[in-house]
Amino acid sequence: DVKVTQSSRYLVKRTGEKVFLECVQDMDHENMFWYRQDPGLGLRLIYFSYDVKMKEKGDIPEGYSVSREKKERFSLILESASTNQTSMYLCASSAEFSGSSYEQYFGPGTRLTVT
Amino acid sequence: GESVGLHLPTLSVQEGDNSIINCAYSNSASDYFIWYKQESGKGPQFIIDIRSNMDKRQGQRVTVLLNKTVKHLSLQIAATQPGDSAVYFCAVNPRGGTSYGKLTFGQGTILTVHP
Chain V
1 DVKVTQSSRY
11 LVKRTGEKVF
21 LECVQDMDHE
31 NMFWYRQDPG
41 LGLRLIYFSY
51 DVKMKEKGDI
61 PEGYSVSREK
71 KERFSLILES
81 ASTNQTSMYL
91 CASSAEFSGS
101 SYEQYFGPGT
111 RLTVT
Chain C
1 GESVGLHLPT
11 LSVQEGDNSI
21 INCAYSNSAS
31 DYFIWYKQES
41 GKGPQFIIDI
51 RSNMDKRQGQ
61 RVTVLLNKTV
71 KHLSLQIAAT
81 QPGDSAVYFC
91 AVNPRGGTSY
101 GKLTFGQGTI
111 LTVHP
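If you read the protein sequences in the order shown, they are chains V and C. The first sequence begins at 1 in our numbering and counts up one residue at a time. The second sequence begins at 1 in our numbering and counts up one residue at a time.
In isolation and in its complexed conformation, chain V is listed as follows (with noise of 0.2 Å):
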């Protein structure tokens, strides 16, 4: 079974922190991706990495940066937190295209409030 990772399920930081959310897949994975989940929008991709030191800007990148240091380890960075970065955070993965199966594979989220 594929497992997806997130470093906490819940967290509570300070407006101006410096944020650090964490994930890891344990199936060598090439691409791995975050999302985040608001009411009524859906899951919006923030930032996706499809190999080692690889980083694609999503849809809603602002505010936010990645690193990809190993294969299996994806972490999202909030430079400066703000309030309107209240949100579930959701971490994904998948293979590299087989022909028929772009599936990705999700971890538990990690529901952040930035007070």
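To be clear, the hints were calculated from the coordinates, so they are not data collected in a lab. Here the structure is a predicted model, which means the values were calculated and not measured. Any given hint could be a false lead.
As the list claims (entries may be wrong) - Over 10 Å on every C-beta distance to chain C, these chain V residues come out as not near it, computed from the model:
1) Leu-41
2) Glu-72
3) Leu-78
4) Ser-82
5) Ser-100
6) Thr-113
What the hints assert, rightly or not - Computed from the model, here is a short list of chain C residues facing chain V with C-beta under 7 Å:
7) Phe-46
8) Ala-79
9) Gly-106
10) Gln-107
11) Gly-108
The beta-carbon is built from N, C-alpha and C at its ideal position, and this holds for glycine as well.
Start from chain V and add chain C according to the hints.
Just chain C now, kept in the frame of chain V:
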């Protein structure tokens, strides 16, 4: 870019009824479609997927129908059970360029099953 929308944000059914959740997409070149189920406090989990060369695909109690003419996707759940209560998301691979397995998600439909 791709946009994905759902026709109804909420759906309420009686146990034993069949449920139909609908989804519309905008890019006629999209070639891969997937449905996820998200239970409270968990990350999204794969239900079923379909490629654009198919109109219908069946799983256990679930069927996905794809109508490429009107760019519409539906998920049918047979004999709905209380355990099916969750948020359901459709997602589409936004074809074009180098997608690296990216998915564009709809806003989600909340399915509530009453005993």
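Against the structure, the hints come out as follows:
1. Leu-41: violated (6 Å)
2. Glu-72: holds (17 Å)
3. Leu-78: holds (20 Å)
4. Ser-82: Answer for Ser-82 of chain V: holds, closest chain C Cβ roughly 23 Å.
5. Ser-100: Ser-100 of chain V not clear of chain C: closest Cβ-Cβ about 7 Å, inside 10 Å.
6. Thr-113: holds (16 Å)
7. Phe-46: holds (5 Å)
8. Ala-79: With a closest approach of 25 Å, the Ala-79 of chain C hint is violated.
9. Gly-106: holds (6 Å)
10. Gln-107: holds (4 Å)
11. Gly-108: holds (5 Å)
Hints 1, 5, 8, counting from the list given before, are not met by this structure.
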